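Knowing the structure of chain A, use the given hints to seat chain B on it.
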Amino acid sequence: MRSVRRRLAGWMLVFGLVALAAVAGAPLVGSTHISLARAFDSTVPFADNVDAQILFIARLPRVLAGVIVGASLAAAGVVLQALLRNPLATPFTLGVSAGAALGAVLAISLRLQLSMWGVSAVTLASFVGSVGAVAIVYALARARHQGFSTNVLLLAGVTLNSFFSALILFVQYLADPSETLHTLRWLMGDLGIASYTPMLAALPLAVVAGAAFAWLPRALNLLSLDTDAAASRGVNVVRVQQVAFFSSSLATGAAVSLGGPIGFVGIIVPHIIRLIVGADHRIVLPVSALAGAAFLVACDVVARTAMAPIELPVGIITALVGGPFFLWLLLRHR
Amino acid sequence: MSGRGAYVRLLAAAVCVCLIATGRIHLGVAGLAAGQAPRRIVSLVPSVTEILFAIGAGPRVVGVSSFDHFPPAVDALPRVGALVDPDIERVLALRPDLVITYGSQTDVSAKLRAAGIATFVYRHGSLADIAAAMRELGRRLGLDREAARAADALEQELAGIRARVQGLARPKTMIVIGREPRSLRGINVSGGYGFLHDLAELAGARNIFADIKRESLLVTAETVLARAPELIIELHYTETASPGLVEHERQTWSVLSTVPAVRHGRIELLFGGELVVPGPRVPEAARAFARAIHPGVAWR
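These protein sequence lines are chains A and B, in that order. Under the working numbering, the residue at position 21 of the first sequence is numbered 21, and the numbers go up by one with no gaps. Under the working numbering, the residue at position 207 of the second sequence is numbered 207, and the numbers go up by one with no gaps.
One or more of the hints may lead you astray.
As the list claims (entries may be wrong) - If you want the footprint, here are the derived chain A segments under chain B, 3+ residues with CB under 8 Å:
no., region
1, 26-36
2, 67-80
3, 182-188
4, 218-230
5, 293-300
6, 305-317
Unchecked claim - Every beta carbon over 10 Å from chain A, so not counted as near; a handful from chain B, in silico:
no., residue
7, 58
8, 106
9, 145
10, 162
11, 222
12, 295
Please keep in mind that the hints were generated in silico from the structure rather than gathered at the bench. This one's a predicted model, so the numbers in the text were calculated from it and none came from an experiment. Note that beta-carbon positions come from the ideal geometry of N, C-alpha and C, so glycine has one too.
So that you can see chain A by itself, here it is in the shape it has in the complex (with noise of 0.2 Å):
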């Protein structure tokens, strides 16, 4: 047990300060270059400060987001993996982002102008469509069990995703061709929010979210064995698997909201992890937080930066960057 703790506190410790050093790198680079000196200078007001305004309201949103949405996205990874008892797993298997995909591309063509709190239509459609998702799959899994049917979640959810995914070309194809250009770049995953508000309605939930997650490591450790085990060792299987559930669908769903369906992030974290910390959750989970945090906040410094002042989508990135990544610890461990 102490072993277990001093391993943990090792770990965080380390892609803490990864994370950290991340956080505090990204906002100093980007297309255009500042000076700090400027930004800080408190003789200039704000409004008349040009690098000021790039760092906070270019920069910084960006980057924040990219904490909670690379967070949330491997956290959710590490959770559906253990839940479904498979490596394959993502954070969008289950259909959660197809819904939120759905969501956004129909509030885009339809060109729903209304907004909330600040919060622009495509980012609540896309709420609302993962919730919608959610729904469906979790009605599906409970219908005709008497618990928890992960195998029926599995398949309801990869259903589900090529349903909305058929929905969703459906809509494009109707649509006029300005909306589809739209609906594809919504579609490769995008953190430049350029405003704090979107953050605030997604930070709630990723941190209650955050907060089950808590709650669930030691649980996993033994359902991603055998729930039969599981529950032999007084493990309430059916309400550990409902948290899991619920709690990465939240996580997902506040993270595609924000920054779209960014791939990769969600399975590659969660098995570099485990390659280097070890298979166990109570470490895993959030090691990968920190780790998902960091490496998407490093990826969107590459896709801002690479062809700058075009910007390629950081869903492009991750997948460029995490996939010979990840080819490579997997040879080498071999």
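For chain B alone, kept in the frame of chain A given last:
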């Protein structure tokens, strides 16, 4: 089960036979003698549809794309799909002797040519290409004189606008083609290539993204802050909008208060289909740009 499968196969075979048969029939009809001008035209490209009507070939147009809205006469014409979803069967059913296709529709053009139907392959280019396309279509359709007249008029109108803004200050301008409503996400702007860039420059602006030789690119708040446009022109392809919506969308930019355009309230929202179609209505679009760029000048 197997009976139904056989039925479906039979139906599919019948459809195939019909398709081939109609294709064969068209081969005969479409076999134009050299020099004979096309009489039945299907246009898959809205800007070329407008050109056809402008050069007097309107009565020969028998089918248009699903995105055609101008001139009003197209409302009565059959729709045959568009860029990504052209319905070849419906095109063939209209028995055209010329089909206007877009440059990227290579498979569509190939299929039509295989059916013996002539095609005119068009691709959006610069502002100057519009008058060139008018003249070329005129030659193809035996309407040389009408086309030359329309092209000359277009060029003269554009030259007039250019002359009018000669010597006036050229504001650093950002031309926004699209963005997420009520937010500064997904800001899609015109780069230094294409008819929107040409229009803005002709109407007396300096495009701040002229150095990036692309029709459009996505930029972030950082780039907007760094390039500091003095004027932001936002194009909306709907015909009108409520004043409340216009005010809301202008307000969206207010967070970027160091941008001169924001500071001086120089954010102009332009509405209208002519802004998206590089066709004979570009002088109207040019005038809309010029009014936004030089509001002090008395425009007619």
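Structure-based check of all given hints:
1. 26-36: This one holds; 3 residues, not fewer than the three required, reach chain B with a Cβ under 8 Å.
2. 67-80: Our answer is that it is violated, as 0 residues pass the Cβ test (under 8 Å) against chain B, missing three.
3. 182-188: holds (count 3)
4. 218-230: violated (count 0)
5. 293-300: With 0 residues closer than 8 Å to chain B, the region 293-300 of chain A misses the three-residue bar; violated.
6. 305-317: holds (count 4)
7. 58: At about 24 Å from chain A, residue 58 of chain B clears the 10 Å cut-off, so the statement holds.
8. 106: Holds, because the least Cβ-Cβ distance between residue 106 of chain B and chain A comes to about 18 Å, which exceeds 10 Å.
9. 145: holds (35 Å)
10. 162: holds (28 Å)
11. 222: Answer for residue 222 of chain B: violated, closest chain A Cβ roughly 4 Å.
12. 295: holds (24 Å)
The earlier numbered hints that this structure contradicts are 2, 4, 5, 11.
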